[in-house]
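Here this note's numbering is used: position 48 in the sequence shown is 347, and no number is missing along the way.
These aren't lab readings, by the way, just hints derived from the structure by calculation.
Note that CB positions come from ideal geometry on N, CA and C, so glycine has one too.
It is possible that some hints are incorrect.
Unchecked claim - Using C-beta positions, here's what the derived DEER-type ranges look like: (1) Pro314 - Glu344: 43 to 49 Å; (2) Phe306 - Ala326: 17 to 23 Å; (3) Ser348 - Gln313: 33 to 39 Å; (4) Pro314 - His342: 51 to 57 Å; (5) Gly317 - Lys345: 40 to 46 Å.
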Amino acid sequence: MGNSLWFITILKDQPWIGFLIGLAFVALMFGSKNLIVYLYARHQEKSDSASRGIDQ
Numbered sequence: 300m301g302n303s304l305w306f307i308t309i310l311k312d313q314p315w316i317g318f319l320i321g322l323a324f325v326a327l328m329f330g331s332k333n334l335i336v337y338l339y340a341r342h343q344e345k346s347d348s349a350s351r352g353i354d355q
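The task is simple: from the sequences and hints, build the whole structure.
Listed below in structure tokens is the structure:
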């Protein structure tokens, strides 16, 4: 592809491809945020249980 604007040309001709790329980007961003929150909560839970002790 000699044209340096081939991606813009594809998006202009096929707008649904841009919609799918945007949808995948949004899913990736929200998924990564949820993963970070989950891992942080799990880490906090482990550190809280370690500071309280196992027997309680």
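Could you work out which of the previously given hints the structure breaks and list their numbers from low to high?
3, 4
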